[in-house]
Each structure stands twice: as C-alpha cells, then as structure tokens.
Amino acid sequence: MSRIGVFVCHCGLNIAKTVRVSELAEFARTLPDVVVAEDYKFMCSTPGQELIQNDIRKHNLDRVIVAACSPLMHERTFRKVIENAGLNQYLLSIVNVREQDSWVTEDEDVATTKAKALINGAVFRARLLQPLVSRFIDVNPDVMVVGGGIAGIQAALELADTGKKVYLVERSPTIGGHMAQFDKTFPTLDCSACILTPKMDAVLQSSNIELLTYCEVEEVKGFVGNFDIKIRQKARYVDHDKCNACLACTEKCPGRGVSEWDEGLVKRKAIYIPFPQAVPQKPVIDRENCTFFKKGKCRLCEKVCEQEAIDFEQKDTFREVKVGAVILATGYDLMDTKPLIQYGYGKLPGVHHALELERLFNSAGPTSGKVVMRDGKTEPQSIAILHCIGSRDKNNHEYCSRVCCMYSLKFAHLLKEKTHGDVYQLYIDMRAPGKGYEEFYNRLVEEDVKFIRGKAARVTDKTDNPDHAGKLIVEVEDTLTSQFVTIPVDMVVLSPAMKPRQDAKDMARLFNLSTDKYGFFMERHPKLAPLSTMTDGVFIAGACQSPKDIPDSVSQGTGAAAEALTIVVKDKMELEAATAIVNSAACCGCQNCVRVCPYGAPMFNYEKNVSEINEALCKGCGLCAASCPASAIITRHFTNDQVMAEMEGLMEF
Amino acid sequence: MDFEPKILGIACNWCTYTGADLAGTTRLKYPQNVRTVRVMCSSRINPSFIIRAFQLGADGVLVGGCHPGDCHYGTGNLYARRKLAVTKKILEFAGMEPKRFRVEWISASEGKKYAEVVEEFTNDVKALGPQTKFKIRKD
Amino acid sequence: MTAMKKIEENLRKEAKRLLEGGEVSVVLAYGRGYDENHPMPFAARTVEDVDSLVFNEYCTFNLARYLPKYPPKTKIAVAVKAADSRAVVQLIQEEKVRREDLVILGIPVTGMKDQKTGEVIDNKTTCNMANPVLYDILLGDEIHGFKGGSPYDVLAELEGMDHDARMAFWKKEFEKCIRCFACRKACPMCYCDPCFMDASRPRWADKSPTPDGHLMYHLTRFYHLAGRCIDCGECSRACPVDIPLYLFHKKLAKECEDMFQQAAGMKIEDKPAMVNYGNQDSDEMLK
Amino acid sequence: MLKKIALEKLGDLVSALMEKGPLYAPVKGEKAVDFQEITNPADVILDFYNTAMSPKFAFFPQSEDLIRYRLGKEATESEAVSLDAKPSVILGVRPCDAKSFEIMDRHFLGAGIIDPYWNDKREKTTIIGYAFDPSTAADPADFYNTLGISASDTAGSDIFMIRTDKHLLFKGITEKGDRLLKELSVLEAGSKTDEKTFEDKAKKGGEVKTRFMEIQDKAVAGKLVQVFNNKEFWEKATAACISCGACTFVCPTCYCFDISDETLFRDGVRKRFWDACMFTDFTLEASGHNPRPRIFQRYRQKVCHKYSYHVDKYGCISCVGCGRCTRSCPVNIDIYSIIESASKL
Amino acid sequence: MSTAVTPYLEMSQAIADAGGEAFRKCYQCGTCTGTCPWSPITHFNIRKLMRLSQLGFDGIEDLMWGCSTCKFCVDRCPRGVEIIDLVRSVRSVYAGGGLLPPPLRAFVGSLTARGNPWTGDAPKRNDWAQDKYPLFAEGKEYLYWTCCTVCYDPRNVLVAKATAEILEKSGLSWGLPGTDAQCCGESVRKVGDLDLFEKLKNNNLGIFSATGAKKIITISPHCLATFKQEYGEDYEVIHFSELLADLIKSGKVTPTKDAGGLKVTYHDPCYLGRHSGIYDAPREVLSALPGVELVEMDRIREQSMCCGGGGGGLWVERAKGERLSDLRIEEALSTGATVLATACPYCIAMLEDSVRTMNAEDKIKVKDLTELFLESLEG
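Here the protein sequences line up with chains A, B, C, D and E, keeping their order. Everything in the first sequence is counted per the working numbering, starting at 1037 for the first residue and increasing by one. Everything in the second sequence is counted per the working numbering, starting at 6 for the first residue and increasing by one. Everything in the third sequence is counted per the working numbering, starting at 17 for the first residue and increasing by one. Everything in the fourth sequence is counted per the working numbering, starting at 137 for the first residue and increasing by one. Everything in the fifth sequence is counted per the working numbering, starting at -18 for the first residue and increasing by one.
Bound-form chain A, shown alone (with noise of 0.2 Å):
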C-alpha cells in the first residue's frame, strides 16, 4: 500500500480560470492509497513548496503528484522539493494540468473531467514507481574544441585559462574562421584582425592546447566523461615538426588553386598558408592544384626547403583522443546565391556577395582595402545593398539570418567612408537589437544612407533609360509610398543567408545530435539549456546552433567552455537514473537490444547468454524496452508495468 499525496496547483487563474481546482482535490481524496489532497495558488512559491514538505512528513507520503503545469516546466523543482523532505526524487508524478488541459479548452467540465481522468492515471503510476538511485563514473578531465572559429578559440581559450587540457581541431590549415575575413566589425567598427589574431596567438602559445589543424572528427565512441574520439590528420605533405615558417616554398610554386580566404577573389599557391596571419605560420600542399601531383614533376618546393620538411608520400594519419566534454563550434557556410537568378549573382559582374566585399575591404584583401568593381580599378559610385536574400524566405531559408542588417549597416559605412558613393539599403524590416545596434543605425542613417523599405525584386543590366546604359538596376517596390522603383547602381552587394555547415548532418550523426528543421545543431532546451545538446556531454557554440554575430558567438564559446567545465571539474560524475536493466532471468537472448540501440549500450555475455546494459551509455528512451520480446528490459521510471498502469487509471473514468 501506498501514500500518496496529490498536490493541486492554481497557477493563479491558469489552471483555475478552467479546471475546478478544489473539486479535483476533492476527487484525489476519494481514490485509493491517497492519504491527502489539497489545493493551493502556487505550488511553484516557496509557500507552496513547503505545503509538499510539510504534508511529506506529517502523513508519512512515499509518493508525491503535483498537478501543476508541464512536467517539462517544473518537475525538475518538485523532485528538489520532495528530496528535501527525504523521498528519494523519483517517487514524483506530475500531472500536466495547464499546458494539456485548462489552456486548451475553455469548458470546465471537460477540463474538470480530463483532469480527474490524468490525476488517476497518476495515482495508477505512482503506486508503482520506485526509488532509483544515481551512479557515478570517472571523469576524464580533458576538453576538445571542434572548430577554429571566433567561438571555438573562445571556449578553447577559457577552458585552457583554468588549466585544463584542450584539444582544438580544425579542418582548414588555420583557426580564426570567418572572422578572420572581416575588416571591421560591428558596431564598434573596430579591427577584427587587431582583436581576433592576438586570440589566435594566443591558442599558439597556450601550453594547454593541443592545436590540430587540418583534422576532421572520424568516429566517435564512449559517452560523457569519457569520449573515444578518432580524428583524421589530413596529410599536408609538409612536415610540421621540421618546418621553421620560413615560407621559402610559398613564394617558388607554380601550382595556383583558388584562395578561400579572398573567396575565390584571387589565386593562391599551390603550397600555401592561408593568410599572413594564419596559425599555424605553416603551409601545407593542395594536392588538387599542384603541379608535382597534377603532373608528375615539378617539386621545386622541395628544392627550396632547407629544412627538407616537404614530403610528398605523407597520408593521412589517425590518432585517437580521450576526453571528458567536447564543444562543437562548427560555424556556417554562406549560402550559395547563384541560383537566385533575379539577382543575377555569377552574371552581372557588379553583383557581389557580403563574404566578397569584406575582402574588398581589407587592406589585406586583394584589392589592399580599396572598394573596386572586378575590373580592379573602377571605383562603384553607387551601390545597393540587398538585405534576406535567401533569409526569411519559404523558398529558400525560412529563419532570420540575424547579422545581415547589422553588417549591411558596417558595409554602408564603409563604402561611404571609402568610396564618397551614395548607397542604397534595401530591406524588410530593419533589426537592430544589441547594445549599441540602434544607435549604429541612427548614425548610418544620418550619415544619409539612403534606407528603401522593400525587398529587392530583380537586378538587369537591361534599361531603356540611356542614362541607366551601363548600370545594374534594381526593381524594387518602396513599400513606404507604394511605388515601383528602379535604382541604377555600378554595385550591387548582396546579403545571402547563414546556412548550416554542408556537413552539418554528418557531424550530428557523429556526436548523436540533432538538428533542427533547417539543418543546425539543436540545442537541449532553446531557453535553459541553449549550449547543451542531447548528447550529455557535447556542447554547441557559435553559428552552428543558427545565425549568430560575434558577440553572441564569443559568449556562447565562454558559455559552453563553463557548462565543459562543469563536466570535467569533477572526478566523478552522476548519471542519469531512469535508465534500463536487464531482468537476465527472463532474457531469452535474442540480441534485439543490442541490434536497435542507438547507442551501443546493451553487449551481449556470451558466456551467461544474457544481454547486459552498460548504463553509463544508456539514454532510457526504451528502445530496447519495446524490442524485447520477453519483456525482460527494465525502462526505469517508464517500466512496463508502470506505463500500463499509468493507461489503466487514464481510461477507468
């Protein structure tokens, strides 16, 4: 026999408003093995909380249910509650009464009855819930960073300040990602190279971090606390270890390959260092683009390296790592605009892409700082910017990109500062919420910028105008007066979307995580737990989660180094309770656990017969629960019998 008490929450007039609160109590009282019901305004207060309590010790409950909000809302805080008056968290029910009733319907007799049907589902449950207790495993006490970005140097960073160890890999030849791109940033318009390559110096010089360039993460095995991380070394065919950086080799090749850094503005060498600031201060060779394994000869990088650190045999190498927490700071691509062909990016040679004109801007750009059009030397007059150009569209990206308005604002600032031209913003909505956005704003628009409210619709080079001969023009409604406009611009810069990382579903398949509908890392809770993942353990920073500006993503890089720390500050660490066991007597051995585990924690002992579930690994979704046939799959706190129970006492009235 069972104590039970039920718990019945107002919240305010939420519940109230629709659900007679005190006639449910009432009912809670008539159904066996409750000892006591009772109602109250805020089961959340501090008074409310102490009401549990104190009914916990003077009728001697072993079994608490709160009908109150979602469980999802707040049984975390009532398993707090019911452990402090000394029963064990698990003996907890919660009733979701607000959410799943009195907001959904606004009849009380139906939202009464509902329930009074959920309230004896409960009681069914509760009578058979059990105790459980949390295990505790060795901790390994290193971090690894994935992503040389503005927040993966961040997380790897503040991480290596309190003396942990971290591993940051990176897949290009150098950290700093796109940040290392931009000129200026806003809205301080400040220098991104001044604040962003003393962070890279820093990871260089930290003792703490094992920096590793030019690796991809190939498989990942174990679970919080102790991950088993493989991680492919791609081959650079230039010996790190023998390489001083004098970059002798960079200046003799002949291979030329496209420079990702100047976003295909320029050509690069074959055997190259991204940018002069990159770190490491050490090339490596495309192999696609050089000369020697295009065609058979050539080596010259070889012939200049005093070091005799080029070597063409190298293959890629494998090395496993051993961590506790790892943070994924993977970043974004840019979308691709070209198959938007009404802004004619790709065929009208005035049109331009964010990415590309903060190269222009850069005095370490390939036009040395100077805003020119792509024949390198004429200067644009007039310029357009065209804000969502694939952001908060149906037909291609639905969400907000959330930075473009902002660096559209920089962009209108530079140009004027660098060109004197008068310079369009072409927008939807203009949205400025940051500390000191608006006040960006108010100052390009008193810079007299001229602001269009209305999304761009095409680009042509085709005008009857013979003024307009020559000129790009853009068609687009000025929704402000209702009238059709046509600009005519020598440039057009174009604002595409942040979009996931190309890869971003392997790399979620990797570490277990999933995304969301549009392809980025989804966070555990969007508002609790926005850098934790449902991996225990993997964290997400920056741009991968969705479209981040670089404040954002250096305090999510801080943020998830914290929630890191977390983890492996510790020697041993709590696992979740509610977890499977294995009823070996009634296990008829026949592996379905083992073949449907998603996480590989049932093994099968061949000597017993028996399978046996590693809950360290274990996730309790009950997979292997409902593919046993024998019923021999304990799911704690969703056992069989508990959910039966449950559904009996849901369908009794």
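Do not take every clue at face value.
Listed below are several chain C residues computed to face chain B (Cβ distance under 7 Å; list not exhaustive) [said to hold, decoys possible]:
hint	residue
1	Arg182
2	Asp228
3	Thr236
4	Lys267
5	Met290
6	Tyr293
7	Met301
8	Leu302
Keep in mind that the hints were calculated from the coordinates and are not lab data. Even for Gly, the Cβ is constructed at its ideal location relative to N, Cα and C.
Use these hints to put chains B, C, D and E onto chain A, whose structure you have.
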C-alpha cells in the same frame, strides 16, 4: 448526449509532448478527448500497449513522435515506425477499425499540428462510435 | 522407389556417415512414433540410433525448433524441409545458432500431410516452397517446376471480409484457446523462456484463460513473429483445438514483405526486419 | 432399470433433459467433437469416437471464480462466489472418461479435505455414460484396456447408454441415475428383449481391443521409483517434448491448478484455473529457483505422478488410457510407450 | 471631417472566408510588387491590395482588377502567400454581387447565357471544323478540348484548325467535344464568380463522364491548368505542345519543310509556364522545325513576362502605355526575330492586337506553335 470518445495518447517527450505543450502555451483550443501518457521516445511504445489500451476501453489510440530523422535518440522513431506499422496491420487484420489507431509525427514546434491532429482524430473516432471489439467487459 | 523412401534412405546414409566420422554429435531428424502416421522428432546420437530414422509424408515437424537448446559449438546435423530451412536461416540471423555448427540436410519435398486430417498441407498452412533455401547436403532431387500458387492465396477469404466479420472470426477462434501454449512451444522462433506471457510484472494478460487474455496473447505473439515467421505452419498443427493461427502469421508475413522488401529466413546476411529500418521506409506504411 | 427411446427421437430426449437443467453433450465443431452446453437439441451428436477435450471441465472448469473484490479507499471489500451449481446432466461420456471421475473424486473428495467447488457440481450432476461402438476399431493411441477399462464399462456412470440399430438403451447404474430415468417420460420402458440386447452389446464391448500391457498398479509405481534417477532414459524418452501443456489440459485426470487475483481498474476476481506441470514456471519459486528446470524432469513428474505417486497416495493409477495426451501431443510423445519401456528396464 | 480610418475586420474576415486567408502570412516586403510586370506601367500594387485586405481598408476596389494572375509574384513570395487566391477572393467579395467593370459584364453575361465568353452561339461552336473532323465518342483515346477562344475568335480559329490537322495526320484516335461544351471557367473563376465557375465545371465534367473521356488534350493552357487543378484527378490532361513534342520524338509526325533560316522567338504563356511548369516541350517543338532558329528574349521561362490577358485581362481595354503585350512585342522585336511563337490563344489575341496597334505587322508575326508546325509539315 453526444458520444465523447476516450482516446489514449502516447507521446514522446521531446517532440509530440512538447508540441502539445506548445499548443497550450499558444492557447489553441481543441477537443479534450485525448489523455496522454508521456514516454521518452516513440520507440518505447510496446505494441502490446496499444492492444492493452483498446482492452481498457480506449475508443482510439493516438501515437506521436518526432519526425523521422529528427528523433532525439537518432534512430528511435525509425524503428518505431516499423513497429507501429505492423501494429496497425495486426489491429486491422484482427478486425479493429484502422481509423481508431493513428501515428503522427509532430515536432516540438508543431503545436498547431498537434491541435489539428487531435481534432481530426477525435472526430474520426467519434464517427466510429464506442469501441467494443477489444474492450474488456466486466460482467 | 518413391521420393520419400529415397529421402529416408539418404537420411540414414548421411546420418550414419556424419555420426561415424564424428562430424556431428547429433542428427536431428525423424524417428518412429506410436504408428506410421505419427512419426516423432528424433535426435540420433549414435550409429545404432540411425536405424530408427524414418521419413514419410507425415514428418511435418519443423526441427529447427530444437536447435537453440544446444550449447554453442555442439555440432548438429539437422534435416530440414523448405520452410524449416528458412527457420534455420532466421535463427542464424538472430544468432541463436551458428552456421558453422550446422550440417544442414536439405529435404526437397512436396505433398506433406497433416497428421490429424491426412490433407496435403502445401500451399495451405505452409510457405509452399519445395526446396530448402540453405543446405549442405540435399537428401533428394531438387524439385523443379513446382507451382502451387502463392502461400498467401489462403488469405483471400479473410481479407475479403469487413472488419466486423473478421473480428467475429477471430473472436470465435480465440475463444477455443485453452492456453496450453503448444503454439509457442512448437514454434521454432518462439525461443523465449519465460515468454512475455509468463511475466508477472506486468501481467500483460490475465493469467487465467480469459478471452481478453487470449486476444492479448495471440496478437502480441503475432507481433513478435512479424517479419520472423517463416510460415511452417507448426503452430497451427500443434494446436489441440485447431485455431488457424497460420492465417494471421501469413498475413503479417505478407505485409512485412510488402513493407520491408524482405521475407523472413531467406538470407543469412539479412538483419531481422523488426529490429531494423530501411532508407526506403516511408510513412506510407502507417496509412 | 432399463429404458429406451427410438434413435430418431433423440431430440425429444435432449429437450427433456434440457428442461431438467444444463445439459452437456457432444457437439461437432469445425474439426473436433466436444462437450458443450446444449442450446439447440439438434446440435447433439452421438456419432463420434471421443471428444478432443475431456469432460472433466463439468466439475473442474478450466477457470473458476472464487472471490470477487473491490479495492476501496479504506479497505478492500470482498465476497466469496456462492456455490450454486444447477442440477445438470452430461450425456455421452465414454467409459474411460466416466472412470476418470471416480479417480478425480479420490483427490477432490477423498483426501481429507472436500473441495467444495468440485463437490457442488459433482453432486448435482448425473452422468450418462456411452459405450464405444464395438463395430469401430479403437484409436491407435487408446490404451484404456491396459487400465482395466472396457469399451462398455459402466463404472463412473449414473446411467449407461448403448446404441442399437434403432434405439438408444439406457440402464440405471446408480440411484441418481435411476431417479433421472424415472423422471424422463419421453423414454419407454425397456422390454426383456431390450435387456438381453443391452447385455449382449455390453459384452461386445469387451471385444474392442485397445493397446494392452499387463500392469499392476503397485508394481508400476515401484518400478518408476527405481527408474526415477535414470536420467538417460528420461532424456531420451522425452527428447522430442516441447514442454507445452496440451497433454495435461486434455487429460481427464490432471487436476493441477493455479490461483491468481485479477484486477481491472479497481474490481477484481480471485480465480483458480488449470495449470500444467509441463510449464517452466509451474515450479518456479519466488526466489527465482526452479526445482524442475529441465523438460525431462517435468515430463518425468507427469508420468510418475500418474503412475506412481497417485498409487501411493490414493491407491490407483491416475490414468484411464483415453489416449488424448498422445493424440494431442504436437510431437507424438506416447505415455504408453514410455511406461512400456520403463517397465522393461 | 476626420481622415482617420479604422480597421474594418469584418471585411478582412470576409476575404479570408472567401479563400484568401493566405494574405495573413504577408509581411509586406514588396517582393510581389517589385516582381509584378504591371508595376512599371500602371499603379496596380499587389502588396497594397494585400495590406488593405489585411485590415479591410477602403481602396480595394480601385486595385483589384489590375492583376492578370501571371503567378510571378506567387513564385517569388518569400512567405509562400497564394496571392492569386487573394485576388480571386477579393474580387468575389466585392464583385460577387455583380459589381463588375463594364467590359467584364459582357464577358460574364455571355458566359452565363451561352457558356462561352465570346457571345458566340453554342450550336455554332464547331462550325470552324466544317464537319471535317471526328467528334469524340466512347472508345476514342483523346478528347481534343477546343478552347472557346479558338472556336469563336476568328484569329484563333486558325489555331483550332492547325491543331486538328496535325491530329489527323498523327493517326491518333481522337475527337472534338460536341457543341454542348462550355468554357472551362478559368477566367471567370479568377474574376471571382465562383457559382458560375461551378456551373461550367459541372457541365464539362458531365461531358467527360458521359463520353468516357480519360485523356484530354487542351490547346489553351488556361483549360489545362483549370482541369488539372480544379476539376479533380480522374483525367489525364496534357497540353497540345507536350503531345506534339512526344509525337515528334516517337516519329509519328515529322516536320520536313525547311523554313529557310526563319528567326523565331518564343513567348512562355503564364498558364503553360509558371502555372503548369511546361517550358521545354514548346522549345523542343520549335527546335525540331527545319530551318528555324530559336532566339530567346530576356525574360523567359520562369521569369517570363505576362501578355496581360489572364485573370479577365483579355476582356479589359487598356490605354496605350499600359499594355504588357506592347512591351512584349518590343522585347521580341529586339531579338531580331520575325516570328513570335507562343502556345496560348489568349497570348495570341493579346500579342496580335499589339502588333496591329503598334503597326509592326511587317516586322513580326504572332503564330501559334501548331501553325508553325503545320507549315513545316506541308512541304
């Protein structure tokens, strides 16, 4: 009085249950005939649960999970889909009206879809009348 | 000499050879029962035992049923007809037996008869294949050109019924059930012991033989066999009250083949369908 | 007392019996013949060999409610199911099955405790035995002769019925039987010739030969105790056994049962229902220990219980040789052959 | 007097109820207006129409007839608003009671009384055929659905004939509908008279089922889109250009006569292109013609420019300078082509009219694909 069906809902914690919560947070109104059991994943659903629900007198059973490919446990609902598909065939061949059992993928952001599915399913079940085929009769 | 006699002769010959040579420690085949029409499953362990081996049209038993009880590494020769061989394949998939432990004696045969009624069971209660899908030694001549229609033809009547009529049909059949569990015990795929029905927490179905419990037991068992049932018909032949369980199993086998493009027990490399998923799976199957 | 009725008037007799109370008689199902409570007189058939299930269910139903209860707030209310069997008749019980009732009586009534559930129904039921047709050969599985039963044995019957070309002849065997015969006005009184015919026919029953071996209860009982530890023998004899419960459930003399409380929502029933020593969980203890984990052990238990322990406890073998266990066995295990080989060891 | 206005939400709701509720998704970015071919030449503003509808403001009546339902804005709309539905709903709410602009009154009146928009006598529907071509009957494969326009409009009758001739030469089993055939109802639906549309639809569905027609060839893309999207799914409906491309591929008809270096440009009809996704078949037909050089205009395929004839536009008079067809002719002329080919009776009527009013008859001819094809067969 109109027949008000009793429907058992089984919803996964991460998507459908959260989606149902969202329907509440956005104050959508829909019929209250579904009483939901929360499980961690749709793959937790043992097909016998469905049979049992009908035996307990459920007039309909509505199962909700994450969209295939979006399972919080990676692949859980891909297995669940097969399990539930076979369950559906079993019910149908045993003589249960197939419309009494429905599986829907409803994500955490699809509060509206949840409300719509519940409304549609409730109406479907209502049209079928009380379920007596599996229901245990207490004499 | 009839085909059956030839099989019997080959069976004895091969069994003797295998036991004598020590290749296997047991030959699972058929032995004499209390009369001609009632042979028994028989495990020959010695050369002397071989004389007791028989084969005739009543040797319907699916001997794969006995395989999982032998400890791994026991070398076993097992005589299998077509459906029985599929059971062996399915058991290998499920790692209940190891291919390397088996010498499979294939029996190509049609015209097997039900012991109770004497009716030919091809095409009715079995998968209607003539030749084993996997064997090491064939005990008779491979049968060519055997056509008996689809094993699912027998479903036409039930599939044609409306839901109410089907429910009435099964209700009547299940009410006969006496819970002797011969069906699950005869089934080569039902190797769970204890079975889910024996569990006390939860009690999936009434322990006492109530119609509601029968329904839960049979439907759940059908589910457990979905994608695994190799359509040997053994459950229905074992049933002392003649419940046509095979009809339900066939229906699910048919549906699973349609949905998952995989028939049970055809290839040892397959993964059992219900603990797998496919890229071609679609929500169509839930319609 | 001897009475008779013309064959074509069987329906009238059935109707008359149905007026007395529930009547159980053989009915043809889709495949097998079985005893059922008759609702339509035309359903009764007398052209059958033997029923698939034994008639023991009439006194020992497969499932029987003992107590009904309701879980309450403070306490559980419960109520014993009252014993209110109606006077009933079983028509057409074969001699071996009729004999089984006597054997079962020893257990349910003669062990010092009277089982009220058995007793209530047994007392109120009249059994009309029915001789095997001498012109039909015995089923190869049958061996009731071995247990000393003939095809026209009247033991265990209250009334014994024999069919002639045109008539059914009824002879009262017990007082209860005579009483019923008297009450049945549809029956004609039997003439002297009829009595002669009955005797002749009864004698002919002896000509029906089932499988037979000479056994003595005590000797067999003792032999089985000797053979008990011969693991090799038992393993080989039961190698094919799949451990289902078919043999015990069809058996007229198996009486093991289980008791369980079954609750739905808050109403429940305590039931007793057949169990089988062939099931794995039959002897499974709460600790998880199982004294009979192996199939041969369980099969040995069944054989020894019937042929040895029962002899020790109740003085007779608990088997009537009806052959049902052999016929119903999915793998054709034959208890007769096992006893035969055990005896020869 | 106050100039303040108040939202009139009942009107907004009425529009939503009439099927235009998609406007609620609109976030007023102006992509539609910027895309709209009318924007450079008229004051029609589709975004504003949506804005007014959202709040039920006055002024809807002034804007609602401007749209020719070319679907360009729908394809571009970042919010996925079914803008044509809104136009249709607005028209049905405001003009449902018969408040039509005068030119459309005659059009609707003719449809109501005679079942065609050209005030033609119903019994004379097939007069163009002069009994040379078979009627469709049970057992025949293809029903060649003649658009009212090709039956009654003297210019388009040539298209009807050319099509029928090609069908005769192809050896297919085909037939014409009887004179009980009526307008598919596309335009009147877009004009907002849904009751009349239903009447026409039911009449035509009756003909399909009475004659057992399962495969329908349309010559007008407007019939094509309407049958496909509004009539149900029991029929296989194809446009004649698709059939023709198939016939050429399978060798059933082979163009032989060399056109001698004829420069042809092709105008994508909105209802064949954006509404039905058919861009390649007409081009395949043109490229199969010997001696024909296909030169493309700037706005083609998905970005094609509307002729202005859709959504009732064919029956509305527009002032010079407000005609899309004029712009289109100019664009065609700029390619150097001497033939402007297209595949829609409405486009032919509109473009032909522009050629005439622009006095360009000696520079360029408007021809249907079928006409060009037939010419190359007659070699």
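#### Entry: Cut-off 7 Å, beta-carbon criterion: hint that Tyr293/C touches chain B
holds (4 Å)
#### Entry: chain B contact restraint for Thr236/C - C-beta distance below 7 Å
holds (5 Å)
### Query
If you take the shortest Cβ to Cβ gap from Met290/C to chain B, is it below 7 Å?
holds (6 Å)
### Query
Would the hint on Met301/C stand, with a C-beta cut-off of 7 Å toward chain B?
holds (4 Å)
### Closest C-beta approach of Lys267/C to chain B relative to 7 Å, hint status
holds (5 Å)
### Message
Please check whether Arg182/C passes as an interface residue: C-beta within 7 Å of a C-beta belonging to chain B.
### Response
holds (4 Å)
### Restraint outcome when Leu302/C is required to lie within 7 Å of chain B by C-beta distance
Hint on Leu302/C: holds, closest Cβ of chain B at ~5 Å, below 7 Å.
### Message
Is the interface hint satisfied for Asp228/C? The criterion is a beta-carbon contact with chain B at less than 7 Å.
### Response
Given a least distance of 5 Å, the restraint on Asp228/C holds.
The structure meets every hint from the earlier list without exception.
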